[in-house]
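Student: The residues making up each chain are set out below.
Protein chains: 2
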Amino acid sequence: MNAILIAVTGPEPEAWVRHFRTLVPQRELRIFPAHMGDLDDVAYACVWKAPPGILRPCSNLKAIFSIGAGVDHIFTDPNLPDVPVVRIVDDDLTMRMGEYVVLHALMHHRFQRAYDTQQRERIWRENRQPAASAVTVGIMGLGVLGRHAADLLRHIGFRVAGWSRTPQTVEGVSTFHGAGGLDDFLATTDILVCLLPRTAETTGLIDMALLRKLRRDGPLGGPCLINAGRGSTQIEKDILAALDDGTLKGATLDVFEAEPLSPESRLWTHPKVTITPHNAAASAPGALVKNMLAQIERFEAGGALQNVVDRQRGY
Amino acid sequence: MNAILIAVTGPEPEAWVRHFRTLVPQRELRIFPAHMGDLDDVAYACVWKAPPGILRPCSNLKAIFSIGAGVDHIFTDPNLPDVPVVRIVDDDLTMRMGEYVVLHALMHHRFQRAYDTQQRERIWRENRQPAASAVTVGIMGLGVLGRHAADLLRHIGFRVAGWSRTPQTVEGVSTFHGAGGLDDFLATTDILVCLLPRTAETTGLIDMALLRKLRRDGPLGGPCLINAGRGSTQIEKDILAALDDGTLKGATLDVFEAEPLSPESRLWTHPKVTITPHNAAASAPGALVKNMLAQIERFEAGGALQNVVDRQRGY
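Going down the list, the protein sequences come from chains A and B. For the first sequence, the numbering used here assigns the number 4 to the initial residue and increments by one for each residue that follows. For the second sequence, the numbering used here assigns the number 4 to the initial residue and increments by one for each residue that follows.
Hints in this document: simulated from the structure, not taken from any laboratory. Just so it is clear, the structure is predicted and the values come from calculations on it, not from any experiment. Among the hints, erroneous ones may be present.
When chains are identical, the list treats them as one kind, so a pair holds in a single copy or across two.
Listed below are the simulated SDA-like cross-link pairs for lysine to any residue, each with C-alpha atoms no more than 20 Å apart in a straight line [as the list claims (entries may be wrong)]:
no., residue 1, residue 2
1, K52, E267
2, K275, D119
3, K52, R128
4, K275, A117
5, K275, R116
6, K293, A134
7, K65, Q132
8, K293, P133
9, K240, A212
10, K216, I238
11, K52, E15
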């Protein structure tokens, strides 16, 4: 039957279904939770934070697609069928993450929060700021998203450094890698941008010890953090402590240890924190559905799936 | 004697003097208002909003340099000596204007002010936003600053349109020109960026009639304005009225009819307005002083001055 199972939790699950229906009206669709039917017919599952165990009865499953950049939500399922898990690598998603990183790097660089405060107080005062060429944005994670963000930041005039698990070469970017390269990377970084996936190695990486290693005498009056990767990478109590004691000058967070962020969290009201609701790379469902359907079409024509996750590595 | 007169009003006049002293310690400097001396010795004047009439006694003046991108502050002097007036065209200044335009275009595009409000109210909600490729940023003024901003915006993924007095060709940009091209330019524009100089033709150009011609059914839920050119171009009461009646969704203003902006202005407190204190392209004095000294050196070696203003045109 080669049916597609759509198992998406989140604000707009019906938007995904609508796009599949429009683009492949002839294809049998199964929809979690209302229209599951006989799961033996399901060949492909397109998922986002689906409940653990729901893919187990899909005895003829050929591939699992994540509709977001992360795949950690898939591997939390202890009964995951042993089929390829495919990450989404899509220009639309990549471009949106680039917008987010550029916007928030510039907000820190151009002291936008200080100007917001001045506006509330009707104060006309210029805060002398450095040229972008005096500021280093350090990107953790040099995959497709990190490389695109690096390219945009370089074009604007920033110095860009990059850190990744394995050695990488990116034009115009000073690259560092592995545990051995981390301290030198942090020591050169004024604005730290985290785009790392959720893995055992990245869990809890952004803690007080790491934040203390960022460039202390940089031209922004203190280092800033942007996390648009995964909330599991950050220790939120350490970020708050670092903001309070001046280790960090500011933080922009799109991801959190638990999402949605609890109304109790002190991050919401901290004057040095900007919060966005995990929307940095939120893509138009239409663009991502087209991308997945193109993969399925190529696969059914005998081609190989692209962007298959290395389960050992976790991304 | 070939002395240089530095006549700069503003927050940090002494910073300019310091850079001249460091870079050309052997050159005779005259400083307004404290150390004017015999003005017959002055060959070059580097000015920013100097009081009218102060250049009149400079009988041997060879050139006047503006230390900012605008030159309108010079032509307000009815007794201006008839010597070349030189605009500053400097990479540092151009890059900073590019940062400003990108930052504020992205703030409108990514609904940053809506997220700021949500953060204050601890609301976790994604506001579905268009891809940059569905949004047109329209730039008025296609000189060095406008072309650089256009290039950065295109790179991020925006559609870019441009409008100028005379026909221009810019790669990847839909260009319009003159009074005849204005309406079509506005009808395609979601985010209007004004980088126009102050001239008789631009005075009062951004009024209610113009704002009503912006694209009404665009993907941002209404058009936005960014003015980083000159305050004389805008009618502030019309901008306020357009924000109040929904003609404009938001406005970012770096320049004003009168500067500093009066504490009485309703712009300070309007929830749809972002105000910055004419710092969009505020450059490091060191970079601009080097630029002017390079011009003087070339001129004294027999070369021609670059970026001389056409007095008729006003820029």
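Student: Are the hints correct? Go through all of them and say.
Tutor: Hint check:
With identical chains, the CA atoms of K52 and E267 are never at most 20 Å apart, being 24 Å at best within one copy and 51 Å at best between copies. For a Cα distance limit of 20 Å, the shortest separation of K275 from D119 qualifies both inside one copy, at 12 Å, and across copies, at 12 Å. In the homo-oligomer, the alpha carbons of K52 and R128 lie at most 20 Å apart only across protomers (17 Å), although the nearest pairing inside one protomer, at 47 Å, exceeds that limit. In this homomeric assembly, K275 and A117 come within 20 Å of each other (Cα to Cα) both inside a single copy, at 10 Å, and across copies, at 18 Å.
In this homomeric assembly, K275 and R116 come within 20 Å of each other (Cα to Cα) both inside a single copy, at 8 Å, and across copies, at 16 Å. For a Cα distance limit of 20 Å, the shortest separation of K293 from A134 across copies, 15 Å, qualifies, whereas the shortest one inside one copy, 41 Å, does not. Taking identical chains as interchangeable, the C-alpha atoms of K65 and Q132 are never at most 20 Å apart, the minima being 54 Å within one chain and 33 Å between chains. Taking CA atoms no more than 20 Å apart as the test, K293 paired with P133 passes between copies only; the shortest distance there is 17 Å, against 43 Å inside one copy.
Proximity of K240 to A212 under the C-alpha cut-off of 20 Å is restricted to the intra-copy arrangement: shortest distance 12 Å within a copy versus 52 Å between copies. In this assembly of identical chains, the alpha carbons of K216 and I238 lie at most 20 Å apart only when taken from the same copy (15 Å versus 49 Å across copies). In the homo-oligomer, the alpha carbons of K52 and E15 lie at most 20 Å apart inside one protomer (13 Å), although the nearest pairing across protomers, at 55 Å, exceeds that limit.
Of the numbered hints given earlier, the model fails hints 1 and 7; all others are met.
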